[in-house]
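Asker: Chains as they are written, first to last, in this note's numbering: chain A, 1 to 433; chain B, 1 to 127; chain C, 1 to 482.
Possibly wrong hints are sitting among the right ones.
So the derived label-pair ranges between C-beta atoms look like this [what the hints assert, rightly or not]:
1. B/Ala118 <-> C/Lys421: 36 to 44 Å
2. A/Glu240 <-> B/Ser93: 40 to 48 Å
3. A/Glu240 <-> C/Glu438: 58 to 66 Å
4. C/Pro378 <-> B/Leu111: 40 to 48 Å
Derived pair list, reagent style EDC-like, types lysine to aspartate or glutamate, alpha-carbon separation capped at 20 Å [said to hold, decoys possible]:
5. A/Lys168 <-> C/Glu33
6. C/Lys354 <-> A/Glu47
7. C/Lys354 <-> A/Asp29
8. C/Lys477 <-> A/Asp289
9. C/Lys30 <-> A/Asp422
10. A/Lys309 <-> C/Asp75
11. B/Lys48 <-> A/Glu147
12. C/Lys30 <-> C/Asp56
13. C/Lys30 <-> A/Glu47
14. C/Lys354 <-> A/Glu8
15. C/Lys421 <-> B/Glu54
16. A/Lys21 <-> C/Glu350
17. A/Lys354 <-> C/Asp319
18. A/Lys291 <-> C/Glu17
19. A/Lys60 <-> C/Glu312
20. B/Lys48 <-> A/Glu191
21. A/Lys21 <-> C/Asp399
22. A/Lys40 <-> C/Glu350
23. C/Lys51 <-> A/Glu191
24. C/Lys477 <-> A/Glu13
25. C/Lys191 <-> B/Glu54
26. C/Lys30 <-> A/Asp289
27. C/Lys477 <-> B/Glu84
28. B/Lys49 <-> A/Glu47
29. A/Lys354 <-> C/Asp35
30. C/Lys191 <-> B/Asp67
31. A/Lys45 <-> C/Glu94
32. A/Lys60 <-> C/Glu121
33. C/Lys354 <-> A/Glu147
One-sided and incomplete, this derived list gives chain C residues near chain B with beta-carbon spacing under 10 Å [unchecked claim]:
34. Glu11
35. Val470
36. Ala472
37. Asn473
Honestly, the hints are just simulated from the structure, not real lab data.
For each residue, glycine too, the CB sits at the ideal point set by N, CA and C.
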Amino acid sequence: MDYTPHTEADLEEMLERVGAKDLRDLYRDLPQGIVDPPLKLEPAKTEAEMMRHLRTLAAKNASANAGFLGGGIRSHYVPAAVPALAARAEFLSAYTPYQPEASQGLLQAIFEYQTMISELTGLPVANASMYDGSSALAEGVLLALRESGKMRVAILKSVHPEYRRVVKTYLDAIGAELVTLESTADLIPAETGAVVAQNPDFLGSVHNFAAFAETAHATGALFVAVVDPVSLAVLKPPGEYGADVAVGEGQSLGNAMAFGGPHFGFMAVRADLVRQLPGRLVSETTDLDGKRGYILTLQAREQYIRRSKAKSNITTNAQLTALMGAVYLAGLGPKGLKEVATRSVAMAHALADKLTRIPGIELVTPEPFFNEFAVRLPKGVLEVRSALARKGIAAVTPVLAEYGENLALFACTEQHTEADLDNLAEALREVLR
Amino acid sequence: MNYPTDVRYTKSHEWVRLEDGLAVVGITDYAQDALGDVVFVELPVPGKKYGAGEAVAAVESVKTASDIYAPIAGEVVQVNPGLEEAPELLNQSPYAEGWIFKLRPDNPADLEALMDAAAYQAFAESQ
Amino acid sequence: MIAEKKETLIESPLIFEKSVPGRRGITPPKAPEVDLAALLGSDNLRAEPPKLPEVDELTLVRHYTNLSRRQMGVDTNFYPLGSCTMKYNPKMHEAAVGLFADLHPYQAPETVQGALQLMYELQQDLSEITGMAATTLQPAAGAHGELTGILIIRAYHASRGEHEQRRVVLVPDSAHGSNPATASMAGYTVKEIASGPDGEVDLQALKAELGPHVAAIMLTNPNTLGLFERRILEIAEAAHAVGAQLYYDGANLNAVMGMARPGDMGFDVVHLNLHKTFTVPHGGGGPGSGPVGVKAHLAPFLPAPQVVKNGETYALDYDLPHSIGQVKSFYGNFGALVRSYAYIKMLGAEGIKKSAALSVLNANYLKELLKGEGFRIPYDRTCMHEFVAQPPEGIRTLDVAKGLLEMGYHPPTVYFPLIVKEALMVEPTETESKETLEAFARVMGEVIRKDKEWLEGAPYTTPVRRLDEVQANRRPKLRWGE
């Protein structure tokens, strides 16, 4: 099956008009040896057959909804209004709003989104979105190197290891150096252009990075903070502790976990860095009649104008998933978001309390921690994860050995109840027995 | 189109004028007209040295961005502070208030090699 | 522009302007009474809550529903945006994605076998369609795939001790801006190759630039003029003769999807835009997905992890010692992959080939119709999925675009490629009917026959009229309330 509307009569008339014998003839300019190769693909399926097949595949997966997995993605509740509104056909089937007169819906929604990210991060300018948290960090680091004119980056080990790997890939590309710091007490090397810290960090700890940011600035580097948007309902915004650039992953704002994507990354910066920003930006302006409207701006930063001198090659970003984030933030408001954050924190602390009463489990994340913490398990982490999965519980995020042996993360969200925590603790007790 | 005779011109549409031993650089009337409304000027940091033909600054209009090259070799000693707030000066007054930067020339005689008004006008009109 | 500013008329208030202190919308489960200062440290708490909107759920729903009505999409209007492949996105895909919403990337692999199987089969199918040996699904968009592909080439040259020597990437002057931007991001010097009079890469000019200093040539084929590069086999041979790699920008794959494979054309690396060719909705600018396929000699350098099949079990393989590393956290935009998987499996080989061929037929048919309406076609021969047109002398492309908006059509891509003045790049896609193309052509003809005053004032009845772009650039206002 396919989605083309052409009838036999259409084909005949159209082929004649364009002067082709048949469809194959449209490819007459190509080297003929390569045209119309045999393709080894399965026979076509109808929609009903395909849905049935997909359901079979889906049945081979176990839902992690309301589970305790973390490490950058968490099972927050996605309110029904979020996908219902963001996935309106007009938003879903549009592309980049190059024609503002036909794209005021998206442009205004992006302008509102930029405002929300600015409010959360305490920095005045946010762009329209990045692919995800990790690539937003990589781009934030590149921005800092452009601004500082330096080629070295210092990153705390407590930044998500996958983010560090992505940053390394981007830095290798331009021959810049990535130095990993064990802690904020480590010396920031000379000629460092960006210092990166995550708050709450990969193991869940909350930090006051004000002094560290000051040290970074004293060495001539920009301070780049990786932050969690839900936490910013209650935690001090990075703009208030010296971050020049704040980035993060937006999944927790109304986006399904979706096996790791698509979600969105966000980026906010100091006002004077606006022309260093990668990606789309929307500005308010007025039309010919004096009516307020919105338009893409500062496009001379972007690849389709600046080509090899562009700030980034980014083109398509993550507009629809960022829109989900905006609908979520608008729907919850400051009180709702604070409740989500507070309940997640409360549940995580209650869970840590319950788990550390199990013999052999030891809390590893230093206090204070937010909605996630690491413990050392007395048994192999992967084995425990599988054993819990067999009991229908999605928990135990494995932590790389560079952070310590046999560590696992547990994350809580507002979805959890006391009963969920007891259920997990009981199951874990059995598995470890 | 205005082609003043007290400045020298480059093929990349910069003009340069010697004032008190410094080379003042801007873009020509022809260039500002081709660019359209200038929205931003990326200015260099004073103290940096440039060879002739090296990109020193950049001028952005809504849909394009163009590099501004050093017409002759020298060190940037001053940039036009007015452009930060009012990039439109490049459109309104390209040869006076819209100057972009001043160079201390390595060799002021380098100016001789650039086009005079008549030569530039002929060049611009052939574009 | 600023001097005589009129009072601003507000027709569509911001969600912030609808906010009423104390009003609640979506209500999460109640948080227990806890002392956050004690749990998190009083130093670490913010003094003021973020100024997010406070609205009830119906206000929220009306706000975004009404915003969506100020937005054009493929589902509402013909949208022939060149190089973007705005084809119909099947509704069943949206239903399918929901089946996989609750999977966490760090779940035990035995609990995500269905998801991994889907990814594995999609890797296989995309490799088959592109004629490549292996495919990674990790990149999040086309430009991200480009970066991944160029880094793979860089790693390949480095593995042969040739990285220091190969510092140049060649890009035709008709290329998408993302190509030179990508090469720069990978630390390369970009050299532009002028197009020949036939709109194709000038083989002699290309050969003159080729040498042991060249790392790669990045090509789009069909190119951005919608023309197939007829000398592609010779280009590939010339590139390989000097040890350079040939990179395929998949933005225009729709024309040849299944009908001619980049691998068979001699390309070493290809990136795909699943949101163009393989029906992932464009979402107003993403999220997309940019898988990268490579020939066997480049497979060791693919990003980690790859999805592998061991017997009847699927797994994520991180043990790739020569990998360029990771370009995105987790495994790619999985939700996009589900849609493309469904698309490929439902079309099968015949449906894929037919769709490609009909995209070419639609473009050629529309090209003939527009010629009949008085548009100029600078490279007039059989085009592929798109073509470039120009309005008659004296009419600006910008005005044609704005006139089209007034008539209810999304304009084609304008002022691109850069090598054609006043370019209109038109890509109808295969999912549009003959009647739609005919109606569009008639309207295009009407627009260029409108008087100058009407054209320069258009559009009139859209949610806003032409906007002051200069003001937005000189004094950008990037958030509410500042």
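Asker: Each hint needs a verdict: does it hold in this structure or not?
Answerer: Hints, verified against the model:
no., hint, verdict
1, B/Ala118 <-> C/Lys421: 36 to 44 Å, "violated, 29 Å"
2, A/Glu240 <-> B/Ser93: 40 to 48 Å, "holds, 42 Å"
3, A/Glu240 <-> C/Glu438: 58 to 66 Å, "holds, 60 Å"
4, C/Pro378 <-> B/Leu111: 40 to 48 Å, "holds, 42 Å"
5, A/Lys168 <-> C/Glu33, "violated, 42 Å"
6, C/Lys354 <-> A/Glu47, "holds, 18 Å"
7, C/Lys354 <-> A/Asp29, "holds, 18 Å"
8, C/Lys477 <-> A/Asp289, "holds, 19 Å"
9, C/Lys30 <-> A/Asp422, "holds, 19 Å"
10, A/Lys309 <-> C/Asp75, "violated, 36 Å"
11, B/Lys48 <-> A/Glu147, "holds, 16 Å"
12, C/Lys30 <-> C/Asp56, "holds, 17 Å"
13, C/Lys30 <-> A/Glu47, "violated, 42 Å"
14, C/Lys354 <-> A/Glu8, "holds, 13 Å"
15, C/Lys421 <-> B/Glu54, "violated, 28 Å"
16, A/Lys21 <-> C/Glu350, "holds, 19 Å"
17, A/Lys354 <-> C/Asp319, "violated, 36 Å"
18, A/Lys291 <-> C/Glu17, "holds, 16 Å"
19, A/Lys60 <-> C/Glu312, "holds, 13 Å"
20, B/Lys48 <-> A/Glu191, "holds, 19 Å"
21, A/Lys21 <-> C/Asp399, "violated, 37 Å"
22, A/Lys40 <-> C/Glu350, "holds, 11 Å"
23, C/Lys51 <-> A/Glu191, "violated, 38 Å"
24, C/Lys477 <-> A/Glu13, "violated, 52 Å"
25, C/Lys191 <-> B/Glu54, "holds, 17 Å"
26, C/Lys30 <-> A/Asp289, "violated, 47 Å"
27, C/Lys477 <-> B/Glu84, "holds, 16 Å"
28, B/Lys49 <-> A/Glu47, "violated, 66 Å"
29, A/Lys354 <-> C/Asp35, "holds, 19 Å"
30, C/Lys191 <-> B/Asp67, "holds, 17 Å"
31, A/Lys45 <-> C/Glu94, "holds, 17 Å"
32, A/Lys60 <-> C/Glu121, "holds, 15 Å"
33, C/Lys354 <-> A/Glu147, "violated, 50 Å"
34, Glu11, "violated, 24 Å"
35, Val470, "holds, 4 Å"
36, Ala472, "holds, 8 Å"
37, Asn473, "holds, 4 Å"
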